[in-house]
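Engineer: What follows is the residue order along each chain.
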Amino acid sequence: MAGINRSAAQLLATIVGNKKVGQYHQILISVGDLVSQCKPGNFVAISVGGPSSKMVLRRAFAISRTTTSPQFGGAIELIVAPHGSGSTWLCGLAEGEQIDITLPLGTAFGIPTTNVNALLVGGGYGSAPLFGLAEVLKERGCRVDMLLGASTGAKIYAPLEGKRSVNSLRIFTEDGSMGETGRITSPIAQLVSELQIDVVYSCGPMAMLKAISDILGSTDVVHQCAVEEAMACGIGICMTCVLPVKDETGKINNLRSCIDGPVMDGAAIEWDLVGKTLVL
Amino acid sequence: MAGINRSAAQLLATIVGNKKVGQYHQILISVGDLVSQCKPGNFVAISVGGPSSKMVLRRAFAISRTTTSPQFGGAIELIVAPHGSGSTWLCGLAEGEQIDITLPLGTAFGIPTTNVNALLVGGGYGSAPLFGLAEVLKERGCRVDMLLGASTGAKIYAPLEGKRSVNSLRIFTEDGSMGETGRITSPIAQLVSELQIDVVYSCGPMAMLKAISDILGSTDVVHQCAVEEAMACGIGICMTCVLPVKDETGKINNLRSCIDGPVMDGAAIEWDLVGKTLVL
Amino acid sequence: MSQLDFSTTLGNAWFPTPIFTASGCASSGKELAQFFDLRDMGAIVTKSIMTKPRAGRATPRMAETPSGMLNSIGLQGPGIDAFLANDLTWLVEQKARIIVSIAGETAEEFASLARRLRGVAGISALEVNISCPNVENRGMVFACHLESAQTVIEGVRRTIGGDLPIIAKLSPDVTDIVSIARGVIDAGADGLALINTVLGMVINPNTMRPHLGGRTGGLSGPAIRPIAVRAIYQVHEALPKVPILGMGGVSSGADAFELILAGASGVSVGTASFGNPTAIMKIQNELRQILTDKGFSSLREAVGFAHRPESSVR
Amino acid sequence: MSQLDFSTTLGNAWFPTPIFTASGCASSGKELAQFFDLRDMGAIVTKSIMTKPRAGRATPRMAETPSGMLNSIGLQGPGIDAFLANDLTWLVEQKARIIVSIAGETAEEFASLARRLRGVAGISALEVNISCPNVENRGMVFACHLESAQTVIEGVRRTIGGDLPIIAKLSPDVTDIVSIARGVIDAGADGLALINTVLGMVINPNTMRPHLGGRTGGLSGPAIRPIAVRAIYQVHEALPKVPILGMGGVSSGADAFELILAGASGVSVGTASFGNPTAIMKIQNELRQILTDKGFSSLREAVGFAHRPESSVR
Ligand SMILES: Cc1cc2nc3c(=O)[nH]c(=O)nc-3n(C[C@H](O)[C@H](O)[C@H](O)COP(=O)(O)OP(=O)(O)OC[C@H]3O[C@@H](n4cnc5c(N)ncnc54)[C@H](O)[C@@H]3O)c2cc1C
Ligand SMILES: Cc1cc2nc3c(=O)[nH]c(=O)nc-3n(C[C@H](O)[C@H](O)[C@H](O)COP(=O)(O)OP(=O)(O)OC[C@H]3O[C@@H](n4cnc5c(N)ncnc54)[C@H](O)[C@@H]3O)c2cc1C
Ligand SMILES: Cc1cc2nc3c(=O)[nH]c(=O)nc-3n(C[C@H](O)[C@H](O)[C@H](O)COP(=O)(O)O)c2cc1C
Ligand SMILES: Cc1cc2nc3c(=O)[nH]c(=O)nc-3n(C[C@H](O)[C@H](O)[C@H](O)COP(=O)(O)O)c2cc1C
Ligand code: FES
Ligand code: FES
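Protein chains in written order, with the numbering used here: chain A, 1 to 280; chain B, 281 to 560; chain C, 561 to 874; chain D, 875 to 1188.
Read the hints as simulated data drawn from the structure, not as lab findings.
Hints are not guaranteed to be accurate.
Claimed, not checked - Simulated crosslink set (SDA-like; lysine to any residue; CA at most 20 Å straight-line):
id, chain 1, residue 1, chain 2, residue 2
1, D, LYS1156, A, ALA13
2, D, LYS926, D, LEU958
3, A, LYS276, D, THR1081
4, A, LYS19, A, ALA158
5, B, LYS299, B, ARG423
6, B, LYS531, C, ALA615
7, D, LYS926, A, ARG6
8, B, LYS299, B, LEU373
9, B, LYS556, C, GLY864
10, A, LYS246, D, ASP1050
11, C, LYS612, B, LEU373
12, B, LYS526, C, PRO613
13, D, LYS926, A, LYS210
14, A, LYS276, D, LYS1156
15, D, LYS904, A, ARG6
16, D, LYS904, A, ALA9
17, A, LYS246, D, LEU958
18, D, LYS1156, A, GLN98
Isolated chain A, as found in the complex:
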């Protein structure tokens, strides 16, 4: 999965849609032919705040979906939570405004060549790239089940059209305001054995990804997770976004999650060493 995404390009792109969905903004950006290079799991990096911005770093967002229409040509969709000043600025943009964007970046979810059983687990806006992934998996003939979770219903992102591409969808909220009450991770062990899951695809907060890795640790289910480390550059030149990952020989290295990720093998990440000093 590792390495530089050779199709990455930088461009001035136009916002062609910005719609509030629950606590998120669904933002559509016209990017032309580059859509064909965007795969589920890839992300974009966007310059924020305009010409006199005090924010010097780009913001990373997963590509949720790609579309091509006669009106806009190729376009990508982002699901953005207005969190701090950068994402809030982005959510405030109107149709027609332009942004400086770099895409596609990072690794994509690996797609099996045979029809396997896949469980997709998304926390919060982490569900964004999973619907596009589900479509691809369905085309390959996979069985696709999905779990979505968040603290509250307004943070569940589950568009209608997306629901069609999955065999089953269960939603968990911690406050019980939507779907079942509880944590998204609680049913995983049972589902994995009941549905004879071959691969789990996950995207969401690091704590969720770690919990899933722990659950799958004793199984031979493959875990492809899209991680979210703070990224200063998104293109591999700053070394801020590293995670401790074991290689085939068992050696642990700090890998850049922007180019060796965001999609990584959950079993190879040394979750207990995240945020610790690694001694080589």
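With chain A fixed as given, assemble chains B, C and D with the ligands onto it according to the hints.
Structural biologist: Just chains B, C and D with the ligands, lined up with the frame of chain A:
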């Protein structure tokens, strides 16, 4: 003229008009009852760049005119040259957007109690406050003649309605693209004697103000000039905006042009000491 | 909100709130008084006063920089006599709490200024500005050298006697700020003001020469906040009992909170007031809210909180 | 445009343009190569390489700050062997001009790294990073102390022999950068790189603890540009013949021009590349245009122009 402008207030005000006029923007801002406190010569200080701006200082602009309409209530007008990032941001605002503004600031042009002969001299956007001043002077029964100058025609600001309130108006451009060719200062000496001018009101680049002071130096014509020093605060707390000014005893002090100005007595300013280190 | 004890102390001086003006960024108070009541903040820290009237440096005296500004005022001021007669009298009449900042060209000047202030009613503390980078002779930055810093503070301490707290204001432009901090405390300072501006320069693209009349200037504003936080953190770690008046780029309650967590007992606001005349009130209100929301029952509890082990959650 | 001589030299090394990457801000080059041709800029300055592979510091390793950022990477890297075998070989194949940055924990390590690089083909110069603030032991910042800085440079000079230019990279976190600059030149450096990051800290408002894994970090970006300009100006004034590779907050051609006027013969671009992968090309084009518009016929003429008397207009 000196001292703190006691009517100053800070408010969130709405842009109610933004029109391009030559190389300037005529910006109308709704400020409510504060208009009654705004006098020709006063200026405003505006926060620029929005919530994630890297610009930490306000920008100063002369109040060009005040109006009161049923639609907006009290409003002030600014004539803004898109110069650097702050003024360009301001010129890019649309009607309905809000700005954080402090006003009215600084000293106002002194208005004679008797009907004197006044010559108003404006360089570039320096003409902005002179039309409002002309109206006030006319009401007092003064004769008002006006000279406007700039490097080129697009930098002459002379609205139609303003022209009505002066007895004569002559325009000079250095490139001859509007009015007479040449410097605005060249006809002053002659006009002063021909028209028996009692007071010259001036606003424009510092070099122009100095030149006028030099011309009037040998006469007993009063010279009220609105200076333009770089201001960090606009309210008298930073000491960046000082000019060397002689007091009645002949002592020269560095006075703050934001509260002891911008309107100052041209004869009291020690023009040759501007930008020099003053020894007390 | 009702329960929060928002008060603070610097040495034996008590203040109802921990938000102060920064020296040189509020003139002598009159100018801000039309925007809010000076009694509503912790204290006004006056511009640094010298013995004689001073005209300061040549203009241009400022340049805006990304998220900051450079200034080279050069301590323009009326001199101690006029200051006492006019500015201080006025401030005392307003019932504002007052910290007087003094600056001198020699250690003797500092001491003689302290002598003039000894026993003057209405002063809560003395800030000793040994770190102004905006003076003709950069060699005069006492706070850049341990011995000269100590000599100044010793002189002031000896002159002023035991009552009025002495706060030594330090420069970040040193190799080891902790050793300077320790030195001035040993020499008799009761507290520290951290940080003065960082020495910087801007070159004017048109003239292609240094923009400021004084060539170099002091960098302030949000740009330097990480430097201020680091300096406060380092000094508080080494000298946890010494009260720190923190400053540098504070323009929100969250910023003030950051300096307090690092170890500041009080926070001065400078450049932010230039951009917003009511910044001090805004910062004070926001800070009060943050402390309440975080569940602190007093400001004091939050001072230096960042130094406690992670396990000590609240 | 046609007539401008845009080339520059650092010691005996020649570069067709004065715009370089900054060490640690371009990894080993591959990652930027997909955005532009590495041969189109002055040179790539590699991330500082150490003897052994290093994992660097704990995450979080970055915090954005107003117009800047803090980093605490801690010199993560593959070690000199892997660097020579992979990264350098690749760069040489690309025909990029290369400045190799080295860092050591001891003066001996610096010398032994220099020995490994002696005679390696394709290297234009050596940048000796004696100023990294992101190492476990802050005592290791050689550039903060005259003697240790000199010891390192002497060792490298002796080892490397007379040909390859040695550029000593200094820290702004010192009381007197001119004396350190003079010291390392006396010790055998051919040029200076000014400035490394400024030591800073950010406290996380949620955890209320230092945000970075390494607690302190290095401040970079536009926020520090006035500090860089000042340092370059001061050093060029004292040592006008010593070539300076300037860096610190450059994100436009106008910014690069400012550092050049202050005295830099070349300009490295760091943080700006994080915000814009093609920043280097943009800066280079803008700078070329500015020099042309100002009527300079060569870059060299503009170096240190801010030091000439105002009367010497062009
Ligand atoms: C690969 C990747 C994919 C992402 N996909 C999405 C998405 O689809 N939708 C979405 O809403 N958000 C996504 N995020 C998180 C998003 O990048 C942050 O919410 C955003 O950067 C916050 O910026 P801010 O200016 O609003 O917040 P601030 O807190 O002001 O940001 C300050 C700095 O911290 C960094 N930062 C803050 N929060 C995060 C975070 N959660 N993760 C990483 N860095 C952070 C910022 O990038 C910035 O450099 C993704 C992050 C990564 C790394
Ligand atoms: C009392 C007063 C009245 C003014 N009236 C007007 C007016 O009516 N119309 C108008 O277009 N402009 C006016 N100006 C000038 C206006 O303030 C500047 O053009 C503006 O601040 C430039 O900001 P910027 O961000 O666009 O430029 P930048 O060059 O990016 O500004 C950088 C810094 O320099 C200061 N600065 C830049 N140019 C000037 C200048 N010419 N004078 C003072 N400070 C400057 C800015 O305030 C800012 O702090 C006035 C200035 C003063 C002091
Ligand atoms: C215009 C200006 C004038 C200043 N004058 C003084 C002064 O007279 N004495 C002093 O100790 N500090 C002075 N300072 C430094 C401030 O008190 C403060 O330490 C510094 O600006 C950092 O805080 P800030 O970022 O909030 O402005 C001055 C700062 C500015 C911007
Ligand atoms: C993420 C990061 C990593 C850095 N790593 C190094 C390094 O390995 N060696 C070095 O000499 N400087 C290093 N620096 C400092 C830069 O080379 C440069 O001196 C500094 O960032 C100022 O330039 P800038 O503002 O353009 O980034 C690093 C800076 C950053 C931001
Ligand atoms: S974000 Fe810069 S290397 Fe990954
Ligand atoms: S602009 Fe601050 S005192 Fe005049």
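Engineer: Against each hint, give a clear statement of whether it holds in the structure.
Structural biologist: Here is how each hint holds up against the structure:
no., hint, result
1, LYS1156(D) with ALA13(A), "holds, 18 Å"
2, LYS926(D) with LEU958(D), "holds, 12 Å"
3, LYS276(A) with THR1081(D), "holds, 16 Å"
4, LYS19(A) with ALA158(A), "holds, 14 Å"
5, LYS299(B) with ARG423(B), "violated, 31 Å"
6, LYS531(B) with ALA615(C), "holds, 12 Å"
7, LYS926(D) with ARG6(A), "violated, 30 Å"
8, LYS299(B) with LEU373(B), "holds, 10 Å"
9, LYS556(B) with GLY864(C), "violated, 45 Å"
10, LYS246(A) with ASP1050(D), "violated, 46 Å"
11, LYS612(C) with LEU373(B), "violated, 48 Å"
12, LYS526(B) with PRO613(C), "holds, 16 Å"
13, LYS926(D) with LYS210(A), "violated, 31 Å"
14, LYS276(A) with LYS1156(D), "violated, 38 Å"
15, LYS904(D) with ARG6(A), "holds, 11 Å"
16, LYS904(D) with ALA9(A), "holds, 15 Å"
17, LYS246(A) with LEU958(D), "violated, 24 Å"
18, LYS1156(D) with GLN98(A), "holds, 19 Å"
Checked against the numbered hints above, the structure breaks hints 5, 7, 9, 10, 11, 13, 14 and 17 and satisfies the rest.
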